[in-house]
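Asks: Keeping their order, the protein sequence lines are chains A and B. Reminder that position 188 of the first sequence reads as 188 in this note's numbering, one-by-one numbering, no gaps. Offset between the second sequence (1-based) and this note's numbering: plus 381.
These are calculated hints, taken from the structure and not from any lab test. A few of these clues could be false.
[Said to hold, decoys possible] In silico lysine to any residue, SDA-like type, Cα no more than 25 Å apart, as pairs: (1) B/K485 - A/R270; (2) B/K413 - B/M589; (3) B/K457 - A/A377; (4) B/K457 - A/R339; (5) B/K457 - A/R379; (6) B/K599 - B/K457; (7) B/K394 - A/A377; (8) B/K394 - A/R379; (9) B/K457 - A/I373; (10) B/K414 - B/D449; (11) B/K485 - A/R272; (12) B/K394 - A/N376; (13) A/K90 - A/D168; (14) B/K599 - A/R379; (15) A/K106 - A/R339; (16) B/K485 - A/K63; (17) B/K485 - A/P284; (18) B/K520 - A/E273; (19) A/K110 - A/D166; (20) B/K457 - A/T289; (21) B/K520 - A/R272; (22) B/K394 - A/R371; (23) B/K451 - A/I373; (24) B/K394 - A/V375; (25) B/K485 - A/T289; (26) B/K394 - A/R272; (27) B/K457 - A/R371.
Now for the letters of each chain:
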Amino acid sequence: MFVVTTLFSFFIGVHGGTYQGVIDMFTRAKTGHVQIHKAGYLDKPSIYKNINNYEMITKELDKIPIIESWTPRVYANVLVFVDTKTTGAKLIGINPEKEMSVTRFKEKIKKGSMFSTEPSKEVIIGAPLAKVLKAEIGSELIIITQAADGSIANGIFKIIGFAGRDDDPSERGSVYINIKTAQEFLELGNRIHEIAISIKDQEKSRKTALLIRDLNLDKTLEVSPWEEIEKDFYKAMQTDKKRSVIFFTIISLIVAVGILNTVLMTILERTREFGVLKALGTRPYHIFTVIVLETGILSIISAILGALAGMAINYYLSRHGIKYPTPIEFQGVLFTEMRCIINAESIIKPMILTILTAVIVSIYPAIRAARTIPVNALRSN
Amino acid sequence: MSDIIKVENISKKYISGQVPIIALDNVSLIIKKGEFTAIAGPSGSGKTTLLNLISGLDVPSTGNVMLDGKPLSNMKGSELSDFRRDHIGFIFQSYNLIPVLNVKENIEYIMLLQGVSEHDRHTRVLEILKEVGLTDMSKRRPAELSGGQQQRVAVARAMVSNPDIILADEPTANLDSHSAIDLLDMMRRLNEEKGMTFVFSTHDSRIMERARRLIMLKDGVIDKEEIR
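Chain A extracted, bound-state conformation:
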């Protein structure tokens, strides 16, 4: 029972850690945990749906303790050219310093360098886009789009880096540029399209979104947790979680059979003892109660010790992690290890499972022992 509780606790720790790792991977790659947009932007993005006075909003965000950092972004659909090659792309204006406090943008740059924090005519483009455009580091990139004032914006920029790998679909159309350059280029003034926020506890993304909504900063804005922004991914995760319930059920059944076997063996070994107790005048009900209580007490002790051992393992692995045999790359960011988590679920669930299973499965052996026929039991060795 001790081993079962430890393993189950470890399993939940790994399982939870995997999900946390995947969410971290996803949110730290680009999305952040919470985003603020003009109402309707997420459903139908437009250069005209922008946020005014974002500094005023971010000043308020800085006052919320759970918020770790935030970064402003500007987006526009553009047409890009390198020599005779042309294609559609997405211009993403970022503040390099702030962006790196929310996402792992720097890790995405696989070739070349990061653009400066000051406005410049430098861009980083997605590696797959570079492949399409046959662009090199140092190539000139012409960008044409419609600016926010209705004019045609066009400019020549220097490619200083490639983001992601050649086969990374998330970087197929990305053109990263300094946000101030983007605002100037798109005639946005100080307006932006998105504030991406990272929080200290990723489990509280919905709660944080509600907290920001409650600030009533601007009624024309909408605040969305990552679960709403990336609905498909979230749904896929939920489906996977439901699937893991089946897995948990199977594990629980294996645990139950294991405990039943142990209790039955113990009862069988003590057949003679129960025969003696019955011969001396112990009521069947007392024998039944003794076995259920004994199993219950043993399971409680095992569950506590098992949960402690599970906690210790999960704690160690939450600090040191488990290295992936092959690192996983997601949206250009490389993830090398998975960490376990310690939460109430990884402590309480295994304990409840062990104790409940032990008590329930002890009922049958207890009935068997209570029905022991003393004469037969006394004849047994």
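Assemble chain B onto chain A, guided by the hints.
Replies: Then chain B, alone, in the frame of chain A:
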């Protein structure tokens, strides 16, 4: 002396494989209060079966056992358990002490079932330990005792609640001759001093000599009976 056990025409048949075995065949006997009776006979003569039927541990195929005027065949489950607890003391051939309990706990177990207060239990255990000569061993576990000492604990456990009768199935079978005679002498002393009824089975002729009444079983029937 009044009758404590009345066995009326009891038979016990087993089926071993396909073969029916008659362990006891139409046995009748009466045991009076305060008797010190040995049931003797060779292996397979039906001694253990007779004791099991008298104690209600087993059910006769035919016939009836009355203990202090009460028919055992009418009792079942908890009623029979309570009856055994309050009226019968058992001494087993292989002691059958509870290994995880110490001497004191083994002896007071039945009183615990009876709901006797802790103070009364303690007093009674000390009293009985003195009677069986194990005063200094109350904290020892069965594994720390010799066979003779374990059987003395079993005797103490059997008589601690002052049952109407103490049944002992070959109580000396696992003891050396010196310990066996010591034990029998102690049982006989308790019988004389306390007036307790003892019925024990044996096939040891030296033990038979110490019984006041000897019932000889052979092939499931009473072969002969002696009163000394």
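Asks: Now tell me, hint by hint, if it's right for this structure.
Replies: Hint by hint, here is what the structure shows:
no. : hint            : verdict
1   : B/K485 - A/R270 : 21 Å, holds
2   : B/K413 - B/M589 : 18 Å, holds
3   : B/K457 - A/A377 : 18 Å, holds
4   : B/K457 - A/R339 : 61 Å, violated
5   : B/K457 - A/R379 : 21 Å, holds
6   : B/K599 - B/K457 : 30 Å, violated
7   : B/K394 - A/A377 : 19 Å, holds
8   : B/K394 - A/R379 : 17 Å, holds
9   : B/K457 - A/I373 : 12 Å, holds
10  : B/K414 - B/D449 : 9 Å, holds
11  : B/K485 - A/R272 : 21 Å, holds
12  : B/K394 - A/N376 : 15 Å, holds
13  : A/K90 - A/D168  : 15 Å, holds
14  : B/K599 - A/R379 : 21 Å, holds
15  : A/K106 - A/R339 : 22 Å, holds
16  : B/K485 - A/K63  : 70 Å, violated
17  : B/K485 - A/P284 : 24 Å, holds
18  : B/K520 - A/E273 : 20 Å, holds
19  : A/K110 - A/D166 : 10 Å, holds
20  : B/K457 - A/T289 : 19 Å, holds
21  : B/K520 - A/R272 : 23 Å, holds
22  : B/K394 - A/R371 : 22 Å, holds
23  : B/K451 - A/I373 : 21 Å, holds
24  : B/K394 - A/V375 : 15 Å, holds
25  : B/K485 - A/T289 : 23 Å, holds
26  : B/K394 - A/R272 : 23 Å, holds
27  : B/K457 - A/R371 : 12 Å, holds
The structure shown violates the earlier hints numbered 4, 6 and 16.
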